[in-house]
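Undergrad: So you can see what is in the structure, the chains are spelled out below.
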Amino acid sequence: MINRFIPLIIVLGLFALFLARMNSGENPKELDSVLIGRAAPQFELASLQGGNPPLTTADLKIGKPVLVNFFASWCVPCRAEHESLMVLAGQYRVPIYGIAYKDSPDRSRAFLTELGNPFSKTGIDQNGRVAIDWGVTGVPETFLVDGDGIVRYRHWGPIVGDGLRKRLVPELEKLR
Amino acid sequence: MAGEIGHFSLIWVLVAAAIGAVLPQIGAVKGDTRLMQLADRTAYVQFLMALAAFAALTYAFLVSDFSVSNVAANSHTLKPLLYKISGVWGNHEGSLLLWVLILTLFATLVSWRGAKLPLRFRARVLSVQSLLVFGFVSFILLTSNPFLRFDPAPFEGNGLNPLLQDPGLAFHPPMLYLGYVGLSVSFSFAIAALLEGEVTPLWARWVRPWTLLAWVFLTGGIALGSWWAYYELGWGGWWFWDPVENASFMPWLAATALLHSAIVVEKRDALKSWTVLLAIIAFSFSLLGTFLVRSGILTSVHAFAVDPERGVFILAFLAIVIGGSMALYAWRAPKMVPSGLFGIVSRESALVVNNIFLSTFAAVVLIGTLYPLFVEASGAGQITVGPPFFEYAAAVLMSPLVVALGIGPLLAWKRGKLPKAMQIVLPALVVALIAGLALVWSQSGGVVMTAFGLGLAVWLLTAVFAEIASRIKLWQSPGNAFGRLRKITRAQWGMSIAHAGLAVIILGVTVSEAFTDEQLLVMAPGDSTMVAGHTFTFDGVAPVAGPNYSAVRGFFTVAEGDDFVTTLLPEDRVYSNPVMNTTEAAIYPLFTGDLYAVIGEAAGGNRWSVRLYFKPMISALWAGALMMMIGGLLSLSDRRLRLGLPTGRKKIAVKESV
Chain W
13 MINRFIPLII
23 VLGLFALFLA
33 RMNSGENPKE
43 LDSVLIGRAA
53 PQFELASLQG
63 GNPPLTTADL
73 KIGKPVLVNF
83 FASWCVPCRA
93 EHESLMVLAG
103 QYRVPIYGIA
113 YKDSPDRSRA
123 FLTELGNPFS
133 KTGIDQNGRV
143 AIDWGVTGVP
153 ETFLVDGDGI
163 VRYRHWGPIV
173 GDGLRKRLVP
183 ELEKLR
Chain C
59 MAGEIGHFSL
69 IWVLVAAAIG
79 AVLPQIGAVK
89 GDTRLMQLAD
99 RTAYVQFLMA
109 LAAFAALTYA
119 FLVSDFSVSN
129 VAANSHTLKP
139 LLYKISGVWG
149 NHEGSLLLWV
159 LILTLFATLV
169 SWRGAKLPLR
179 FRARVLSVQS
189 LLVFGFVSFI
199 LLTSNPFLRF
209 DPAPFEGNGL
219 NPLLQDPGLA
229 FHPPMLYLGY
239 VGLSVSFSFA
249 IAALLEGEVT
259 PLWARWVRPW
269 TLLAWVFLTG
279 GIALGSWWAY
289 YELGWGGWWF
299 WDPVENASFM
309 PWLAATALLH
319 SAIVVEKRDA
329 LKSWTVLLAI
339 IAFSFSLLGT
349 FLVRSGILTS
359 VHAFAVDPER
369 GVFILAFLAI
379 VIGGSMALYA
389 WRAPKMVPSG
399 LFGIVSRESA
409 LVVNNIFLST
419 FAAVVLIGTL
429 YPLFVEASGA
439 GQITVGPPFF
449 EYAAAVLMSP
459 LVVALGIGPL
469 LAWKRGKLPK
479 AMQIVLPALV
489 VALIAGLALV
499 WSQSGGVVMT
509 AFGLGLAVWL
519 LTAVFAEIAS
529 RIKLWQSPGN
539 AFGRLRKITR
549 AQWGMSIAHA
559 GLAVIILGVT
569 VSEAFTDEQL
579 LVMAPGDSTM
589 VAGHTFTFDG
599 VAPVAGPNYS
609 AVRGFFTVAE
619 GDDFVTTLLP
629 EDRVYSNPVM
639 NTTEAAIYPL
649 FTGDLYAVIG
659 EAAGGNRWSV
669 RLYFKPMISA
679 LWAGALMMMI
689 GGLLSLSDRR
699 LRLGLPTGRK
709 KIAVKESV
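Chains as they are written, first to last, in my numbering: chain W, 13 to 188; chain C, 59 to 716.
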């Protein structure tokens, strides 16, 4: 009579599954980006610094990996990850393009003046249209784009804690 | 001071639970009466100490003692009194404490009402219950202590999630917990039976009222939750097949199956190992729900703050409790030999059919809920399993159940008298019905399904009345029918009312899904629109200040023809602590359905986006759930079923033959 073992076997199987999922370290709220392995969406955004040329898709195809960071002055996690962005720009010498998401230019400028500006170029996405094309689910979100303009990695949420060293930097090193 | 008293009491619960889990069990093995009697005393101590701990936490919330970190994180001085109290269980730590309180309460009730249970059996039941308490209290003390202090204490608390600041939700968790935890009694009875190595009809007689009690609370808890979703989330839906909703629905399905299979054990001394397994499964589903909410492995609107350490602890606890009981089952199940037999066409068979469909449905809901985990674990990407899957399963599995439900109560016990040919075609009929339904459902939406749903509801209602009519011989001898009506036992009324409640729910679901009139539009003051024969006129908005929120209130005048019906005042609230936006739908229930209005964002130029609905017969959902609860309570109040009052089998047999 093997039947009586079936419930036990099912239960053990489920526990193995739960354990595996808990140790995977993945956040179930984090959705996979469909952009991975595809060309970055076309866009052209007015520069945050008046008079400078706009931020466009062409800026992404410069033969070396770049980061695209969606941020907003009203977003508290953005404030938290700002230090990581400064480290990336300074220590790792990677060009970062900032996209100010649904924010007034004045406030975005004040935000960067207060905390320092890690961005080599900054565009204004005031109505959030470009963010929709990129499939941004919330700010901050950071995309790693290779030298040919292909999106290679998306960092969901703020780059804080060991997220910089353990997740973003290894992806960056892979492309270099 | 209250914090320390609470903490200290909780440690006492742990000590008493440890004693109560071990010594009575040893006593039961050795036949030591004194050790076995400890089970009762430790149960009382656990309850009193848990009550003290809960009271201490409640006090801390009432006086806004922000030096207690749990209060600081979840309360606020400006919060209305009701929500200060409901804030006690509106968070992870406090809700666990409530869970423990209810667990000890049920153990105490078992000890009190079960005075007539054989001492050895009672000792075993209570020691299993103590083991559960021990597990939960160690969880609280080690990972989720609500009595931890903040030093220095903050001046103000963080406040409670505004979505939870609602009368419906103040009582939803306690109700649900009474249901979840009530199933622990059935579980403890099942484990005790496995340890004893026998399941008797008397066992089923003890288990059934406890299961019924838990089931009534579970029904109420789920209904309250869906009612809250309906009026608070503001888009007119009432069930989302969210993982945590499913987590409450699965134990409900299992408990419903258990209620029915226990009848077969009681009457026919059959289905024994299945019933024991169901009792274990029902409570395991409850525990699974707790795990899913707190481990963070699934996304859900209900998720508490996620902490991997907690998740691992609960998983280990679940592995011990569920894995251990399944292992015990595998070892002892062969001892449960059925003695009674019944024919293919009989009430017992109908109950088996009920069990097959209910447990299949529970299994399907389980698979649907966990399927995203399987897929992700196998590395095949991310998926979500949405309402279409569950609705399809519900239609396919519940329709034949409802058909069978109409016939079941009409069949005689042991050997019913459907014509012989019918006996043979019945299984074929069921299979054909399922296949046909699957096809109909996949090929057509709309009218066919609506007609089908209505047909089911009417079929079930008619069958319930036909059953009562045949019981009182309404057609054969109408003269004495009224006299016979008075002789129907409360348990029988309970069954009929609960079954009719299901019919009412099906009616509500079908009609409200099919005939809802919905308008999403932008309105300026003075605009009016027609929704299902009612004229909604938008009179404008006004700001409103509440105790801990500010709101925009919309004014709608509703008229039918020239007759004024009501004014609807939906609000769009912004709470201050924490800052959060909620919608308060305005609902006016008419006999035929609900008028439902929601005010959304300002669209510029003094225009507002609004949503207006007419939801016909939606109240039937909750009326049906209420009928189920009333049915359950009526059954419970029946002398024969009263908690822990086992009567001899012979006496019952006599009553049945009357």
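Be careful, since some hints might not be right.
To be verified - Listed next, the stretches of chain C that the computed footprint assigns to chain W, with coverage defined by at least 3 CB atoms under 8 angstroms from CB atoms of chain W:
(1) 229 to 241
(2) 603 to 611
Stated by the list, open to error - Derived, one-sided and incomplete: chain W residues facing chain C with beta-carbon distance under 10 angstroms:
(3) F17
(4) I18
(5) I22
(6) S116
(7) G161
(8) I162
(9) L180
Read the hints as simulated data drawn from the structure, not as lab findings. All residues carry an ideal CB built from backbone N, CA and C; glycine is no exception.
Undergrad: Each hint needs a verdict: does it hold in this structure or not?
TA: Status of each hint after checking the structure:
Coverage of a stretch by a chain is defined here by at least three residues with a beta carbon nearer than 8 angstroms to that chain's beta carbons; for the segment 229 to 241 of chain C and chain W the count is 0, and the condition is violated. Given as covered by chain W, the segment 603 to 611 of chain C fails the check, having 0 residues with a CB less than 8 angstroms from a CB of that chain where 3 are the minimum. Proximity of F17 (chain W) to chain C holds as hinted, the smallest CB-CB distance being about 5 angstroms (cut-off 10 angstroms). A hinted interface residue such as I18 (chain W) counts as satisfied when its beta carbon comes closer than 10 angstroms to some beta carbon of chain C; here the least separation is about 9 angstroms, so the hint holds.
The beta carbon of I22 (chain W) is positioned within 10 angstroms of a beta carbon in chain C (closest approach about 8 angstroms), and the interface hint is therefore held. The interface hint given for S116 (chain W) is violated, since its Cβ lies 18 angstroms from the closest Cβ of chain C, which is over the 10 angstroms cut-off. Proximity of G161 (chain W) to chain C is violated relative to the hint, the smallest CB-CB distance being about 24 angstroms (cut-off 10 angstroms). The criterion of a C-beta within 10 angstroms of any C-beta in chain C is not met by I162 (chain W), whose closest approach is roughly 19 angstroms, and the hint is violated.
Residue-level restraint check for L180 (chain W) is violated (minimum Cβ-Cβ distance to chain C is 21 angstroms; threshold 10 angstroms).
The structure fails hints 1, 2, 6, 7, 8, 9 (numbered hints given earlier, in ascending order).
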